[in-house]
Amino acid sequence: MTWSTKWTNLGVMPEVINVHEAKTHLSRLLDKAHAGEEIVLGKAGKPYARLVPLKPVRKRTLGFIKGELDPAFFDPLPEEELAAWEGR
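Heads up: the sequence shown is residues 1200 to 1287, going by the working numbering.
It should be emphasised that the hints constitute simulated quantities derived from the structure, not laboratory data. As the structure is a computational prediction, the values presented were derived from the model and not from experiment. Cβ atoms here follow ideal geometry from the backbone N, Cα and C, with glycine treated the same way. Any given hint could turn out to be false.
Stated by the list, open to error - What follows is a set of in silico ranges between Cβ atoms, one per label pair, in the way DEER data are often shown: (1) E1220 / P1252: 33 to 41 angstroms; (2) L1276 / Y1247: 30 to 38 angstroms; (3) K1258 / K1231: 45 to 53 angstroms; (4) A1232 / K1258: 21 to 29 angstroms; (5) E1285 / K1258: 44 to 52 angstroms; (6) K1258 / E1237: 51 to 59 angstroms; (7) L1253 / E1220: 50 to 58 angstroms; (8) L1261 / A1282: 27 to 35 angstroms; (9) F1273 / V1251: 48 to 56 angstroms.
To be verified - Listed below are the simulated EDC-like cross-link pairs for lysine to aspartate or glutamate, each with C-alpha atoms no more than 16 angstroms apart in a straight line: (10) K1254 / E1237; (11) K1231 / E1220; (12) K1254 / E1236; (13) K1245 / E1220; (14) K1242 / E1220; (15) K1242 / E1285; (16) K1258 / E1278; (17) K1245 / E1285; (18) K1254 / D1230.
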């Protein structure tokens, strides 16, 4: 399945914006993408890339894994294990 077939099967084929027009109207295209529209950028009429809105950044929760580290976790590695990690 090609890229264009995939889009056609969904019933939605966004207009392909050529590189020259995209460079000329980048700010307007960014506003459209930010508003939720998907913009397809292309060369010679062939799709090359999609300009899509970013998903909202979800705040990461620290400390979600319960438990404790053994204090030995922080001890220096034995020389032979350290050598293996360093590729010696």
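* Against the structure shown, which of the earlier numbered hints fail to hold, in ascending order? -> Numbers 1, 2, 3, 5, 6, 7, 9, 15, 16, 17, in rising order.
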